[in-house]
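Asker: Chain residues, written in single-letter form:
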Amino acid sequence: MEFEWIRIPYALLTLFIVLNYGLLMTAVIRKMGARAGRRYGIRFYQNYIDLLKNYSMRSKITHGYMFYLGPVFRLTGGIGLLLFVPTIFGSEMWSNFSFSGDLILALYFAFFGTLGMALGAGESGHPYSAIGVSRGLSQVTAAELPFAIAVFTVALQYQTLSFTEIVAAQQGGFLNWTLFTNPFAVVAAMIAFLGMMMRSPFDVVLAPQEIPIGPPTEYHSAYLALMQTNRNIYPIAKIVVYMNLFFGGAGSWPEFMLKAFLLYLFSALVGVVFPRFRVEQSIRFFLIWGVPVAVIGLLWV
Amino acid sequence: MKDELDRKVPLPDELKKRVIKGPDGFEFEVDPMQDYFCQEPPKEHPPIYVKIVEDFFNWARSESLWILGFGTGCGAIEMRPLMTPRFDAYRYGIQWRPTPRQANLLMISGYLSVKTLKRAIRAYEQMQSPKYVVGLGSCTINGGMYFDSYNTIKRLDEYLPVDLYIAGCMPRPEALLKGFEDLKKIIRAGGAEGANHYAEHFERYKENQKKVILDWDMPDYSW
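Sequence order for the protein chains is G and P.
So for the first sequence, this note's numbering puts the first residue at 1; every next one is plus one.
So for the second sequence, this note's numbering puts the first residue at 1; every next one is plus one.
Worth flagging that the hints you see were computed from the coordinates, not collected in a lab.
Note that the Cβ used here is the ideal one computed from N, Cα and C, for glycine as well.
Zero decoy hints are in this set.
To give an idea of the interface, some chain P residues facing chain G are shown, with a C-beta separation under 10 angstroms as derived from the structure:
{"hint": "1", "residue": "Ile48"}
{"hint": "2", "residue": "Glu54"}
{"hint": "3", "residue": "Phe57"}
{"hint": "4", "residue": "Met83"}
{"hint": "5", "residue": "Tyr92"}
{"hint": "6", "residue": "Thr99"}
{"hint": "7", "residue": "Pro100"}
{"hint": "8", "residue": "Ala103"}
{"hint": "9", "residue": "Met127"}
{"hint": "10", "residue": "Ala195"}
Using 20 angstroms as the maximum straight-line C-alpha spacing, the simulated SDA-like pairs for lysine to any residue come out as follows:
{"hint": "11", "chain 1": "G", "residue 1": "Lys60", "chain 2": "P", "residue 2": "Pro219"}
{"hint": "12", "chain 1": "P", "residue 1": "Lys43", "chain 2": "P", "residue 2": "Glu207"}
{"hint": "13", "chain 1": "G", "residue 1": "Lys60", "chain 2": "P", "residue 2": "Asn196"}
{"hint": "14", "chain 1": "G", "residue 1": "Lys60", "chain 2": "P", "residue 2": "Cys38"}
{"hint": "15", "chain 1": "G", "residue 1": "Lys31", "chain 2": "P", "residue 2": "Thr84"}
{"hint": "16", "chain 1": "G", "residue 1": "Lys31", "chain 2": "P", "residue 2": "Tyr92"}
{"hint": "17", "chain 1": "P", "residue 1": "Lys16", "chain 2": "P", "residue 2": "Gln34"}
{"hint": "18", "chain 1": "P", "residue 1": "Lys184", "chain 2": "G", "residue 2": "Arg43"}
{"hint": "19", "chain 1": "G", "residue 1": "Lys31", "chain 2": "P", "residue 2": "Arg97"}
{"hint": "20", "chain 1": "G", "residue 1": "Lys31", "chain 2": "P", "residue 2": "Arg91"}
{"hint": "21", "chain 1": "G", "residue 1": "Lys60", "chain 2": "P", "residue 2": "Lys43"}
{"hint": "22", "chain 1": "G", "residue 1": "Lys60", "chain 2": "P", "residue 2": "Glu125"}
{"hint": "23", "chain 1": "P", "residue 1": "Lys43", "chain 2": "G", "residue 2": "Arg58"}
{"hint": "24", "chain 1": "G", "residue 1": "Lys60", "chain 2": "P", "residue 2": "Pro47"}
{"hint": "25", "chain 1": "G", "residue 1": "Lys60", "chain 2": "P", "residue 2": "Tyr49"}
{"hint": "26", "chain 1": "P", "residue 1": "Lys21", "chain 2": "P", "residue 2": "Asp31"}
{"hint": "27", "chain 1": "P", "residue 1": "Lys185", "chain 2": "G", "residue 2": "Ser56"}
{"hint": "28", "chain 1": "G", "residue 1": "Lys60", "chain 2": "G", "residue 2": "Leu226"}
{"hint": "29", "chain 1": "P", "residue 1": "Lys51", "chain 2": "G", "residue 2": "Ile49"}
{"hint": "30", "chain 1": "P", "residue 1": "Lys43", "chain 2": "G", "residue 2": "Ile61"}
{"hint": "31", "chain 1": "P", "residue 1": "Lys43", "chain 2": "P", "residue 2": "Gly191"}
{"hint": "32", "chain 1": "G", "residue 1": "Lys60", "chain 2": "P", "residue 2": "Ile48"}
{"hint": "33", "chain 1": "P", "residue 1": "Lys43", "chain 2": "G", "residue 2": "His63"}
{"hint": "34", "chain 1": "P", "residue 1": "Lys43", "chain 2": "G", "residue 2": "Ser56"}
{"hint": "35", "chain 1": "P", "residue 1": "Lys184", "chain 2": "G", "residue 2": "Leu52"}
{"hint": "36", "chain 1": "G", "residue 1": "Lys60", "chain 2": "P", "residue 2": "Glu44"}
{"hint": "37", "chain 1": "G", "residue 1": "Lys60", "chain 2": "P", "residue 2": "Gln39"}
{"hint": "38", "chain 1": "G", "residue 1": "Lys60", "chain 2": "P", "residue 2": "Ala123"}
{"hint": "39", "chain 1": "P", "residue 1": "Lys51", "chain 2": "G", "residue 2": "Ser59"}
{"hint": "40", "chain 1": "G", "residue 1": "Lys60", "chain 2": "P", "residue 2": "Pro42"}
Modelling step: build the complete structure from the supplied sequences, incorporating the hints.
Answerer: Pasting the structure below:
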């Protein structure tokens with residue numbers, strides 16, 4: 001296959017749009033969370049200022065090589081996930097670098113950032129980081145289980161490992177979405193989605209009031225800014241994966257934005273309503289409610 | 001580091017230099033005060049960009065004040081209403097961070113006992129430049145109602161470079177919001193260079209700090 005160089009600027013443009021969309025959307029979602037608590041909330045452009053401030057901090061210290069690489073790995077995980085998955089279906093321009101086996105690669109990238117962060121935060125030597133990392137890894141691993149089974153289900157159902165073909169199979173009305181053709185897999189995946197979005201009730205990893213604030217305790221200045229950048233890209237990239245697998249993909253940018261917003265809102269809504277789980281509670285939740293549903297979905301196919 | 005001879009309060013045993021025998025019989029020397037800390041004094045970080053860029057950055061810094069959630073005295077109570085619906089400081093770009101590494105504003109909320117001063121200094125030194133200090137309440141200005149206490153410090157700016165005082169005993173949350181707005185003006189004007197001032201007059205600050213903290217058992221600069 002001939003590689004077309006024009007894909008690179010288009011992929012960067014995708015990244016740019018997604019970053020800005022993520023910055024604005026997370027601020028709006030935070031505002032909605034604040035309104036639920038009867039506060040006015042942050043300004044909608046606050047994320048930009050925070051990012052700019054952290055990039056402009058004058059001093060930074062280091063704890064070693066992995067401490068540098070932690071945020072870099074994390075950002076690589078977010079960007080990689082985004083760039084190897086087709087963002088907009090049916091458009092040559094916005095399908096990024098997707099290829100026939102991209103489903104497996106996406107699964108790998110989804111976990112990559114967490115591992116990089118674990119190594120980086122581990123080197124900072126702060127006890128809270130270590131606690132946060134152990135909690136985070138166990139929780140994400142447990143959440144990954146129903147998600148992985150759901151992904152296998154989808155791959156079996158459509159007999160392909162390519163995002164483009166999975167989305168293509170779901171076209172022609174919303175009743176063709178995996179949401180309706182295999183609801184069990186989607187329910188299991190959405191339970192896993194809650195666990196991977198790092199919002200309440202599964203935010204014991206960060207737990208700002210308890211272990212200030214988990215893995216990034218020692219991260220500051222530009223390191224923190226890199227991680228903030230990733231925090232705005234990664235959830236959207238994850239949502240793109242979910243959109244493609246279960247919700248019929250997106251045919252245009254407005255459709256993409258609406259679906260991404262609704263999916264993000266789902267996790268935020270659950271977060272506002274439910275209090276925080278402890279780690280063993282959340283692992284039990286994933287294993288008791290997530291995995292059986294995912295297995296039923298697998299048998300359904 | 002203070003010499004062992006002129007210390008008024010001896011070092012606790014666990015911080016003394018000693019020889020330790022490892023589980024495999026190997027003996028090695030441990031000096032907790034030297035081994036675990038860097039002894040390097042702070043560096044100055046002058047504004048390096050052209051003025052228009054630095055002004056832009058200062059605007060960003062002023063609009064994104066991250067407060068270290070460290071309540072030193074009774075004034076901390078006045079900061080809580082700022083997080084809640086009634087005053088809601090988040091809408092002014094003021095947020096609370098749980099770790100000194102990520103914060104850039106240290107609020108000394110009320111009286112500082114000598115014991116707390118030690119922690120406040122360590123927290124301040126771990127923050128990244130540019131960083132700001134706001135003294136809250138009369139106690140940080142002249143001792144306030146603790147003016148004759150044997151165990152609290154009277155003037156905060158002898159120990160840490162203060163950018164702004166908010167007077168009152170205690171100042172109301174409204175006064176705090178006004179204070180933050182004033183601090184923003186100072187930062188935007190480029191006047192909040194406390195971190196550089198601290199690095200420049202490091203000797204003097206350390207001398208003052210060690211005058212009151214008799215059991216000095218930490219590195220001179222915890223970066």
